[in-house]
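Given the coordinates of chain A, assemble chain B onto it according to the supplied hints.
Protein chains in written order, with this note's numbering: chain A, 1 to 225; chain B, 1 to 225.
Only true hints are included.
Each pair may be met inside one copy or between any two copies, as identical chains are not told apart.
Straight-line C-alpha distance at most 35 Å; calculated DSBU-like pairs for lysine-lysine:
#	residue 1	residue 2
1	Lys162	Lys206
2	Lys206	Lys94
3	Lys206	Lys168
4	Lys94	Lys43
No lab work stands behind these hints: they were computed from the structure.
There are 2 protein chains.
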Amino acid sequence: MEIAILGGTGPQGSGLALRLAKAGKNVIIGSRSAERAADIARKLEADHRGLTGKIFGEDNISAVKRAHEFVFLAVPFSGHAATLTEISPYIGDKCLIDLVVPLAQGNPRQMDMPPEGSATEQALAILGPDATVVGALHNVSATVLADLDHGINCDILVCGNKLAESKKVCELIREFGTEAYYCGPAENARCIESLTSILIRLNISKAVPFSHAGIRISHREKHGD
Amino acid sequence: MEIAILGGTGPQGSGLALRLAKAGKNVIIGSRSAERAADIARKLEADHRGLTGKIFGEDNISAVKRAHEFVFLAVPFSGHAATLTEISPYIGDKCLIDLVVPLAQGNPRQMDMPPEGSATEQALAILGPDATVVGALHNVSATVLADLDHGINCDILVCGNKLAESKKVCELIREFGTEAYYCGPAENARCIESLTSILIRLNISKAVPFSHAGIRISHREKHGD
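Next up, chain A with everything else stripped away, as it sits in the complex (with noise of 0.2 Å):
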């Protein structure tokens, strides 16, 4: 089984390949250039030990075309609608997993949604309704995926249209030894994604004595009842 990254270059997208690789899936690399991409792919390998699963690298739509099932799309926001509007040819029934958080240029503590209401909302605009798209992992820091020594340190939010798909995605991510929820339809991802510039806001903040936040889902303890 191979799975795919697009933007799978950029620190979000190769700390994903590696968590990935780590819970022995194949993965491919997605660039807009191949050879970058291979290099990338080359380069992950090489730097870390331990990783059970094989990174490649291809360019995005040779990326798309390989994947058995899941297809995350790990772009800047500012390439979400062209990388998409390039892939939907080719993304059939396969699952894509958004990413993509809109935050504001300048200022990421602040979000800049589109029309859409969302970056995942755009996605299913772009590649239609009957596509099965999912949101996933907007809340994770690309230095925490990347660090393979330590687990991730934060409950993953999913979000989509279709239930069976994003319960697989959550599937998926538990692999990565963190809890995944279902958090409902993809309207869902305006909070989700809104919460990673509330996060950005913490970290950045003298008033807060740590970095990489993230959110964790609490609960009651019984008691007794």
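Positioned in the frame of chain A, the structure of chain B alone reads:
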């Protein structure tokens, strides 16, 4: 120092009154009916030991007038705009802390946001741009608030356009023994309020083995770097 809670006869307002009184604050529960408010205030005091603050009951306008600095708003969203319009001439420079979440009628797993974007932004629109409006405590269940034998199981996300006043609200909430974070301007209430419907979805879901879900800000342990 007396603190008002409009809608203080409802479950969330009553739970909040208990937390404040436990923290030694004198509370004025506001309601459309002063008699009902006084009844509930007496009942809350009679049913709970260890409250070091007092609980009074008044009609909403009298509660606002008596409040020293803080006026919490915990009415159902259906009464949000009307209550704000009613108290608008009396709020002055007191700090309105808006707990209201515009859940969809009949389906609390969805939001039905007002045209302003969120309840907190609607409050700003009604009270005027110079008003002090802070959004907070959207994600805590009434049950958790009212159970004084146990701590609050989540962090509190606070937003507002006025930084200093928002931080005062964070300090007040920390007196409940939980962490509060300033999360940016009033616009971020769109995200923070929406989290409530996601948490309700998790609570309802048969796939999730817990209830009273909340949010905690996780962060990365420092690994010697």
